[in-house]
Amino acid sequence: MTCGWVPKLDLYVDGELFGSELAEVEAHLRACPTCAADALSRLQLKRMTQAAGHRFSPRPEFRHKIAQSIERRPRWTRRWAPAFAAVAALVLMLVPAAVWLQNLRNEQALDELADLHVSTLASGNPVDVVSSDRHTVKPWFQGKLPFTFNLPEMQTSPFKLIGGRLTYFQQSPGAQLLFEVGKHQISVFIFQNRGELSRLNSGSSLSKKLAFNTETWADGGLWYFVIGDASPSDVHALGELLRNADR
Amino acid sequence: MIDRRTEAESFETLAMPMFASLYNFAHWLTHNREEAEDLVQETYLKALKGFVSFQQGTNFRAWIYRILRNTFLTSRSGLSVKMTVPLDREEDAIGLPADTPEAVLLARADEQMLQSALESLPVQFREVILLCDIEEMSYQEIAEIVGIPIGTVMSRLSRARKSLRELLAEKVRGASK
Numbered sequence: 001m002t003c004g005w006v007p008k009l010d011l012y013v014d015g016e017l018f019g020s021e022l023a024e025v026e027a028h029l030r031a032c033p034t035c036a037a038d039a040l041s042r043l044q045l046k047r048m049t050q051a052a053g054h055r056f057s058p059r060p061e062f063r064h065k066i067a068q069s070i071e072r073r074p075r076w077t078r079r080w081a082p083a084f085a086a087v088a089a090l091v092l093m094l095v096p097a098a099v100w101l102q103n104l105r106n107e108q109a110l111d112e113l114a115d116l117h118v119s120t121l122a123s124g125n126p127v128d129v130v131s132s133d134r135h136t137v138k139p140w141f142q143g144k145l146p147f148t149f150n151l152p153e154m155q156t157s158p159f160k161l162i163g164g165r166l167t168y169f170q171q172s173p174g175a176q177l178l179f180e181v182g183k184h185q186i187s188v189f190i191f192q193n194r195g196e197l198s199r200l201n202s203g204s205s206l207s208k209k210l211a212f213n214t215e216t217w218a219d220g221g222l223w224y225f226v227i228g229d230a231s232p233s234d235v236h237a238l239g240e241l242l243r244n245a246d247r
Numbered sequence: 001m002i003d004r005r006t007e008a009e010s011f012e013t014l015a016m017p018m019f020a021s022l023y024n025f026a027h028w029l030t031h032n033r034e035e036a037e038d039l040v041q042e043t044y045l046k047a048l049k050g051f052v053s054f055q056q057g058t059n060f061r062a063w064i065y066r067i068l069r070n071t072f073l074t075s076r077s078g079l080s081v082k083m084t085v086p087l088d089r090e091e092d093a094i095g096l097p098a099d100t101p102e103a104v105l106l107a108r109a110d111e112q113m114l115q116s117a118l119e120s121l122p123v124q125f126r127e128v129i130l131l132c133d134i135e136e137m138s139y140q141e142i143a144e145i146v147g148i149p150i151g152t153v154m155s156r157l158s159r160a161r162k163s164l165r166e167l168l169a170e171k172v173r174g175a176s177k
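Quick mapping for you: the protein sequence lines, in order, are chains A and B. Using the numbering used here, read the first sequence as starting at 1 and increasing by one per residue. Using the numbering used here, read the second sequence as starting at 1 and increasing by one per residue.
Calculated directly from the structure, the hints in this document are not laboratory data. One should not assume that every hint holds.
With a cut-off of at most 27 Å between alpha-carbon atoms, the simulated BS3-like pairs for lysine-lysine come out as follows [to be verified]: (1) A/K65 <-> B/K49; (2) A/K144 <-> A/K160; (3) A/K138 <-> A/K183; (4) A/K46 <-> B/K171; (5) A/K8 <-> B/K162; (6) B/K162 <-> A/K46; (7) B/K46 <-> A/K65; (8) A/K8 <-> A/K46; (9) A/K65 <-> A/K46; (10) A/K160 <-> A/K183.
If you anchor each label on the Cβ, the simulated ranges turn out as follows [said to hold, decoys possible]: (11) A/A36 <-> B/T74: 39 to 49 Å; (12) A/Q102 <-> B/G57: 47 to 57 Å; (13) B/I148 <-> A/S57: 26 to 36 Å; (14) B/A175 <-> A/R63: 53 to 63 Å; (15) A/A98 <-> B/R76: 28 to 38 Å; (16) B/G50 <-> A/A67: 10 to 20 Å; (17) B/G50 <-> A/L40: 37 to 47 Å.
Note that beta-carbon positions come from the ideal geometry of N, C-alpha and C, so glycine has one too.
Work out the full structure: start from the sequences and follow the hints.
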């Protein structure tokens, strides 16, 4: 006849009994030799199975392969790779587009200044203040501009100051000074250096605009643009004069 | 939301220490090194892919073993196992009488005989013995992995051990003839 405690023996051997239930089974095993022998036999088989069961070992190269596959293929790269690729492609497309757009804006701004220069020359009264004297021209702008600027001494240079006029560029007031070198007339535009203007050019640089030679630079919170049909060296020389005016 | 890189690292931290055990279990199920490697590899890839659905703080070991077992059951050898081994009624198992002469026979059994007996067991018996005795898992973990109630784990284990003892006794008797 089977002892009623037998169904508990596997639980006992497998460590699935706790508290009072465990105490009861242990008490029974001390009292019942048949169950004690049965439990011992089950424990013996369990221990043997445990020893025999650890039989197969993975090859080291297989372990390495799995470890690498986990390292090499983290979820986020696989899941987000298409998104990253799309964003990267978009950035690659947008960056040249932004650069192109900025260049276009710069071109348009410089075109506008070139137009101002041309329309000034075409006017019957190109300047509002006619004077070759810098001490006349500069004070004329007082009260008309929210800034002031220095004009160089011209007497030792080939340049002649013709005069100046108030101008507007991108909704801001500025000074347009007209100079002459030989038969060539050169405009010098001076504006407050705002963010947009500073992006037009940084530092002194010469370039061509509608066959005019131009030079731009920023200094002391002001932005300068020189344009004329004089030679590049003359345009540059005038630029140098202006840059050294207050030094 | 946890950082993806941390996620990959934590998966590695949790999964790699189980590599040898998972491989051993896979080899016992498949009886074949190549298939065991395929099974383990597929398990790791599935687990890595599904790691986002794994709830941190729950039993990772039970989770990855369940993946391995389910992967095995849908593999070629797993499908053939399901077809050829019908499930017996589980409730017949509780309350098996202990055959005392078995203890004598078991004492004469060696490791090779036991391995051979384990290999001969139907996979449904083999897996619960492997999980309980070799991996030292609780009935609760085994229930999670195999997808059966704890009561069924107990009865299946009991029947599996009875079969193992019988097979082992046969081998011992055969060897002593």
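- Item | Violated hints, by number in ascending order, as checked against the structure | Hint check: 9, 14, 15 fail, others pass.
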